[in-house]
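Undergrad: What follows is the residue order along each chain.
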Amino acid sequence: MDQEKTFTSRERILTAMRLGMPDRVPVIPDISNMIPARLTGKPFWDIYYHEDPPLDEAYVSAVRHFGMDGWYIYDNATMVEEPKWLTRVLDQKEDEWTVQRWVDTPLGRLEEIVCYPVDNPPWTMQGMIKDIAEDFPKLRWFIEQKSLKNLCRNKGKIGDLGIYGVAIETFMGFWVWVRDGGSMQAIQDFFQQTGLMREVHEFYSMFVERATKELVADRPDEILIAGSASSLSLSSPEIYRQFDLPLIKTISSVCKDAGVICHQHTCGRSRMLVEINYNETDINVMEPLERPPGGDVDLKEVKAKFGDKFCLKGNVNTFETMLNGSVQDVEREAKACIDAAAKGGGFILSTGDQCGRDTPEENLFALVEVAKTYGQYQ
Amino acid sequence: MLNHHDRSTKEIGANKSTYERKETTMNGQLLEMQEQLRIGNTKRVTELTQALLDQRIAPQTILNDGLIAGMSVVGEHMRTGQMYLPEVLKSAGAMRAAMEILKPLLIKLAVDARGKIVLGTVKGDMHDIGKNLVGIMLQGAGMDVIDLGVNTPPEKFVEAIREHKPAIVGMSALLTTTMMAMKKTIETITASGVRPKIKIIVGGAAVSQNFANQIGADGYARDAVGAVDKVKELLAT
Chain A
1 MDQEKTFTSR ERILTAMRLG MPDRVPVIPD ISNMIPARLT GKPFWDIYYH
51 EDPPLDEAYV SAVRHFGMDG WYIYDNATMV EEPKWLTRVL DQKEDEWTVQ
101 RWVDTPLGRL EEIVCYPVDN PPWTMQGMIK DIAEDFPKLR WFIEQKSLKN
151 LCRNKGKIGD LGIYGVAIET FMGFWVWVRD GGSMQAIQDF FQQTGLMREV
201 HEFYSMFVER ATKELVADRP DEILIAGSAS SLSLSSPEIY RQFDLPLIKT
251 ISSVCKDAGV ICHQHTCGRS RMLVEINYNE TDINVMEPLE RPPGGDVDLK
301 EVKAKFGDKF CLKGNVNTFE TMLNGSVQDV EREAKACIDA AAKGGGFILS
351 TGDQCGRDTP EENLFALVEV AKTYGQYQ
Chain B
1 MLNHHDRSTK EIGANKSTYE RKETTMNGQL LEMQEQLRIG NTKRVTELTQ
51 ALLDQRIAPQ TILNDGLIAG MSVVGEHMRT GQMYLPEVLK SAGAMRAAME
101 ILKPLLIKLA VDARGKIVLG TVKGDMHDIG KNLVGIMLQG AGMDVIDLGV
151 NTPPEKFVEA IREHKPAIVG MSALLTTTMM AMKKTIETIT ASGVRPKIKI
201 IVGGAAVSQN FANQIGADGY ARDAVGAVDK VKELLAT
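Chains A and B, in that order, give the protein sequences. Under our numbering, read the first sequence as residues 1 to 378, first letter to last. Under our numbering, read the second sequence as residues 1 to 237, first letter to last.
If you are wondering where the hints come from, they were derived from the structure by calculation, not from laboratory data. Please read these numbers as outputs of a predicted model, since none were measured by experiment. The beta-carbon is built from N, C-alpha and C at its ideal position, and this holds for glycine as well. Hints are not guaranteed to be accurate.
To be verified - Some, not all, of what chain B presents toward chain A, calculated at C-beta under 10 Å:
#1 40
#2 68
#3 72
#4 73
#5 76
Claimed, not checked - Partial chain B-side listing against chain A, Cβ under 10 Å, derived:
#6 111
#7 114
#8 132
#9 178
#10 205
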């Protein structure tokens, strides 16, 4: 137990992730997206389109603003754009811009149409893979151009304010991201175009293995397996086992051999996945372990069953408590989380997936304060 | 006479037995259809639909006792966590394929859907999983669903109400920022004069019964199965 020493945020988080007990429970509300953008006071397209400031810098400012422990996850090995995509504003309304983004490949143009609202993060109106047989070879060409060197390009930006992680998408996350028609079409592809999906999966698996090996050599604090779309709120145990688990095993095994922490984010229904990962992977950290109604995790139960292997990060409810609750509600639930999962170490106080844009600041401050005043591992 | 009577009795018995056999076969096939629908076996569900039609079973019977009953099992399994979204989508695909066979016959017989619903994710919001799932479950309950898609401006809801004359309008929003677009959509519908003709239900992760009351919606449901119950309740009033 190292509770006499004063820890930096980075040391605090890393100690907890390695199942240790730092000076207090780290506190990392999930505000990786909308809240930093809101705090800039600018139209959201300034941040997401013009990168003025870029979202990662807005996040680091937000970490300072709330006095929280930071979790930098803005470098993404799957989504890195190299060569850079070209863009053109197609339509500019008061409340949203429509932007065409494209890259020309030897096999033809790969393009998507993205909407940039004034007060929300961008969303894809038309995805890049419209026809798998026709468009996937273009995307494969594009991915093959990535050097995979220097993927940790922003290492150092968060400094001691937090940890630096690089994200890799699960297969489901990758497919939902690129597929036109969004998650519903992406899911249907698994049973309507099984043969093609196996080919895409084989290619992506090889890319992931190569990227992970390059990444761990650059020594990020952690590799984040970005698995929102692998949630059982969207996917199924069958798809998870067939398409996601093999990749997760590979990533976590490479991380284990290299001594790099491997962290999986899967929101929504995830209880079954926690158990599968516990038994079959080398993952170190699971989050955000959402409770009902959005999720199905009982923090106390998973601590008792899986806390000897996993650092648990969660799980104050994003909607009921952080967004719509009072400061007292936040304090009550945050203390309950600490009571349920802190004992013995390996716990990080956090929220469910992505706090909404209008989450009251006082609720975020209250969450941080609870960790500082109540967050002991005893 | 006696011989004749005996013969008649025998004939009656034979007919009864044929009828019973036919009914047993039909019931067995309808039960099989429910099960094949649950596991999303499109090929078998369409084969059974055709086989039942070939036996002159009424399309309404196939719809009600096979497809809708099967989707009701799917809804229940989803509610209890025994089925997952991809499996529900497979079941919905099987039902759609069967409906392609049945729909022309139902139209010919002037069999109306159990209700008509216009659905959409409101302006500024692109999240469609919840809305799509509600659509699937409503169709599974025998309702006619007109899906306006995502990022739907209030005026498009009004146009759809005028064009399709639904009994119910359903709106979805995931984001806290776009929840207020529900209020604006209801105000636009009210200002257009079509509000008295319809009931409005709302849903989405950030939406609550309180919020639904505040913006003047007629109903709120927490999930897709709840939405079907709410729609049935509103259709009955």
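Undergrad: With reference to the structure, classify each hint as holding or not holding.
TA: To see whether the hints hold, each was checked on the structure:
Hint status for residue 40 of chain B: holds, given a least beta-carbon distance of 8 Å to chain A, under 10 Å. Hint on residue 68 of chain B is violated. Least Cβ distance to chain A is approximately 22 Å, over the 10 Å limit. For residue 72 of chain B, the suggested interface contact is broken, since its CB lies about 20 Å from the closest CB of chain A, more than 10 Å. Given hint, residue 73 of chain B at the interface with chain A, is violated; its Cβ is 17 Å from that chain's nearest Cβ, farther than 10 Å.
The beta carbon of residue 76 of chain B is not positioned within 10 Å of any beta carbon in chain A (closest approach about 17 Å), and the interface hint is therefore violated. The closest approach between the C-beta of residue 111 of chain B and any C-beta of chain A is roughly 29 Å, which is over the 10 Å cut-off, so the hint fails. Nearest Cβ of chain A to the Cβ of residue 114 of chain B: about 24 Å, over the 10 Å cut. The hint is violated. Below 10 Å, beta-carbon pairs count as interface contacts, and residue 132 of chain B has one with chain A at about 5 Å; its hint therefore holds.
With 10 Å as the threshold, the beta carbon of residue 178 of chain B comes within range of chain A, its nearest partner Cβ sitting at about 7 Å, so the hint holds. A cut of 10 Å between beta carbons decides the hint on residue 205 of chain B: the least distance to chain A is about 6 Å, and the hint holds.
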